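Residues per chain, in single letters:
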Amino acid sequence: NAGVTQTPKFQVLKTGQSMTLQCAQDMNHNSMYWYRQDPGMGLRLIYYSASEGTTDKGEVPNGYNVSRLNKREFSLRLESAAPSQTSVYFCASSRDREVDTQYFGPGTRLTVL
Amino acid sequence: GENVEQHPSTLSVQEGDSAVIKCTYSDSASNYFPWYKQELGKRPQLIIDIRSNVGEKKDQRIAVTLNKTAKHFSLHITETQPEDSAVYFCAASNYGNNRLAFGKGNQVVVIP
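Here the protein sequences line up with chains A and B, keeping their order. Add 5 to the 1-based position in the first sequence for our numbering, that's all there is to it. Add 3 to the 1-based position in the second sequence for our numbering, that's all there is to it.
The hints are simulated quantities; they were obtained by calculation from the structure and are not laboratory data. There may be inaccurate statements among the hints.
Stated by the list, open to error - Straight-line Cα separation of at most 30 angstroms, DSSO-like style, residue types lysine-lysine; simulated pairs:
hint, chain 1, residue 1, chain 2, residue 2
1, B, K60, B, K71
2, A, K76, B, K25
3, B, K45, B, K61
4, B, K60, B, K45
5, B, K45, A, K19
6, B, K45, B, K25
7, B, K40, B, K74
8, B, K74, A, K62
9, B, K71, A, K14
10, B, K61, B, K107
11, B, K107, A, K62
12, B, K107, B, K71
13, A, K76, B, K40
14, B, K40, B, K61
15, A, K62, B, K61
16, A, K62, B, K40
17, A, K76, A, K62
18, B, K25, B, K40
19, B, K25, A, K62
20, A, K14, B, K40
21, B, K25, B, K107
22, B, K107, A, K19
23, B, K40, B, K71
24, A, K14, B, K74
25, B, K107, B, K40
26, B, K40, B, K60
27, B, K74, A, K76
28, B, K74, B, K60
Claimed, not checked - Computed spacing ranges between beta-carbons, pair by pair:
hint, chain 1, residue 1, chain 2, residue 2, range
29, B, E86, A, G8, 19 to 25 angstroms
30, B, E18, A, G21, 31 to 37 angstroms
31, A, G68, B, S21, 40 to 46 angstroms
What you are looking at is a predicted structure, and each value in this text was computed from that prediction instead of being measured. Ideal Cβ placement from N, Cα and C applies to all residues, glycine included.
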């Protein structure tokens, strides 16, 4: 099992450009999450999907959109990137929305110039 | 919403000594408390977790204790080794809402 995978690993954007971060899991998990990690700020939840077909805002959703394409895939889109969105983005999944271990992907390091 | 705080922000210990990291949480409804370890440039990985019906849990050199009355929980690492050097994140959530609220992390440095 590959676990949680993310693409790309690194990305540089110019202000105003758009891009989609891809995430997939092969553990048959129901719930998936997108976090951003900034120095000294810990992990902050952007959006999550408790189950296929549902998505909800997290702590810092502004400037992002998500799509739960199917049970395996959960994408994060930046429509018009801003320098404040420079961060490391982690996708995670868990078996269920009830309290359970979250497994993280390797992360995407995004720089917006 | 839930607010989780970690102290101290950086902890340096001699190899072989113990390290203790404490977290406090604000929501008395929280009942799930995991600890994640993140090595430099890597993804966070769960190392131990505790639920509110248990006061202490151990796994080899790692233990977590929970004080629900005071709303704090602590990670204890005994006989520290260089590979324990990492950032450790605590988190809290409650049943029915697996939205983990993370603390800002503690840098642990084990000095050989």
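Output the numbers, in ascending order, of every earlier hint that fails for this structure.
-> 2, 9, 15, 24, 27 and 30
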